[in-house]
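Going line by line, the protein sequences match chains F and H. Numbering-wise (the numbering used here), the first sequence opens with residue 181 and increments by one. Numbering-wise (the numbering used here), the second sequence opens with residue 1426 and increments by one.
These are computed hints drawn from the structure, not numbers from a lab. Glycine included, each C-beta is placed from N, C-alpha and C at the ideal position. Among these hints, one or two may not hold up.
Partial selection, computed: residues in chain F whose CB lies under 7 Å from chain H [as the list claims (entries may be wrong)]:
hint, residue
1, 223
2, 225
3, 228
4, 245
5, 287
6, 288
Sample of chain F residues with no beta-carbon within 10 Å of chain H, all distances over it, derived [unchecked claim]:
hint, residue
7, 182
8, 184
9, 219
10, 241
11, 250
12, 265
13, 269
Per the computed footprint, the stretches of chain H lying under chain F, defined by three or more beta-carbons under 8 Å from a beta-carbon of chain F, are [to be verified]:
hint, stretch
14, 1466–1479
15, 1522–1534
Listed here are the chains, written in short residue letters.
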Amino acid sequence: EAGVTQFPSHSVIEKGQTVTLRCDPISGHDNLYWYRRVMGKEIKFLLHFVKESKQDESGMPNNRFLAERTGGTYSTLKVQPAELEDSGVYFCASSQLDTTGEQYFGPGTRLTVT
Amino acid sequence: DAKTTQPTSMDCAEGRAANLPCNHSTISGNEYVYWYRQIHSQGPQYIIHGLKNNETNEMASLIITEDRKSSTLILPHATLRDTAVYYCIVRGNTNAGKSTFGDGTTLTVKP
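Next up, chain F with everything else stripped away, as it sits in the complex (with noise of 0.2 Å):
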């Protein structure tokens, strides 16, 4: 079984730029989480999904991030403009609806904004 993939693994991208990353869950999981960690940080949670709804988007740091499932299927994280802080590895998770809350992470996007 294929486990949460994401794509890019890397993004460069410059000030001011528009960059989206795509989170594509473990087939059959209705909740799809995303979390990202800037340099030195924890990792911190952003938003939740239960397939296309967002359930929780505490996390979120400011309206230049929009993230959306259509379908309940992939996920993308749109970030427009993208500042210098937001450089940080962006990870996503996916759990199944009923389980104890498992959650399955990709390998991240590595995205530097110069």
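Following the hints, complete the assembly by docking chain H onto the known chain F.
Here is chain H on its own, set in the frame of chain F:
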């Protein structure tokens, strides 16, 4: 979610058991203890979780004290590939799923 406290770093000899402690004195009755690890720059990897009983799987054992205020993750025979940052996370068993990662414990397994 309850806050956890872990030592910053630990060393372990290859082949020996690694015992990683975690304090979660403010844990509430419906909160589980989860352990994840992050090897180098990979995504966090689920290890084990429990509510109040001790748990064991193919990767590790989890010992939770009777008052549930602390727990220990045990890697019975540590290998060099177990070198990683280990995170103890406490959260409710709901579909909220929001995991709060602290700084974790950096475990270094030495030959």
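For the stretch 1466–1479 of chain H, do three or more residues have a beta carbon lying closer than 8 Å to a beta carbon of chain F? holds (count 7)
For the hint on residue 245/F, does the least C-beta distance to chain H fall short of 7 Å? Constraint on residue 245/F not satisfied, violated at 16 Å.
Going by Cβ atoms, does residue 269/F stay more than 10 Å from chain H at every point? violated, 7 Å
Least C-beta distance between residue 184/F and chain H, which was stated to exceed 10 Å: Nearest chain H Cβ is 7 Å from residue 184/F, so the label is violated.
Are residue 223/F and chain H close enough, Cβ to Cβ, to be under 7 Å, as the hint says? holds, 4 Å
For residue 241/F, is the shortest beta carbon distance to chain H beyond 10 Å? Holds, because the least Cβ-Cβ distance between residue 241/F and chain H comes to about 15 Å, which exceeds 10 Å.
Non-interface claim for residue 182/F: all C-beta distances to chain H beyond 10 Å? holds, 14 Å
A closest beta-carbon separation below 7 Å is what the hint needs, so does residue 225/F meet it against chain H? This interface hint holds because 5 Å falls under the 7 Å limit.
How does the coverage statement for the stretch 1522–1534 of chain H fare against chain F, requiring three or more residues with Cβ below 8 Å from a Cβ of that chain? holds (count 7)
Consistency of the no-contact label for residue 265/F, given chain H and a CB cut of 10 Å: Consistent with the label, residue 265/F stays out of reach of chain H, its closest Cβ about 19 Å off (over 10 Å).
Let's test the interface hint: is any C-beta of chain H closer than 7 Å to that of residue 228/F? holds, 6 Å
For the hint on residue 288/F, just tell me whether its beta-carbon gets within less than 7 Å of chain H. Result: holds, 5 Å to nearest chain H Cβ.
Hint check: violations occur at hints 4, 8, 13; the rest are consistent with the structure.
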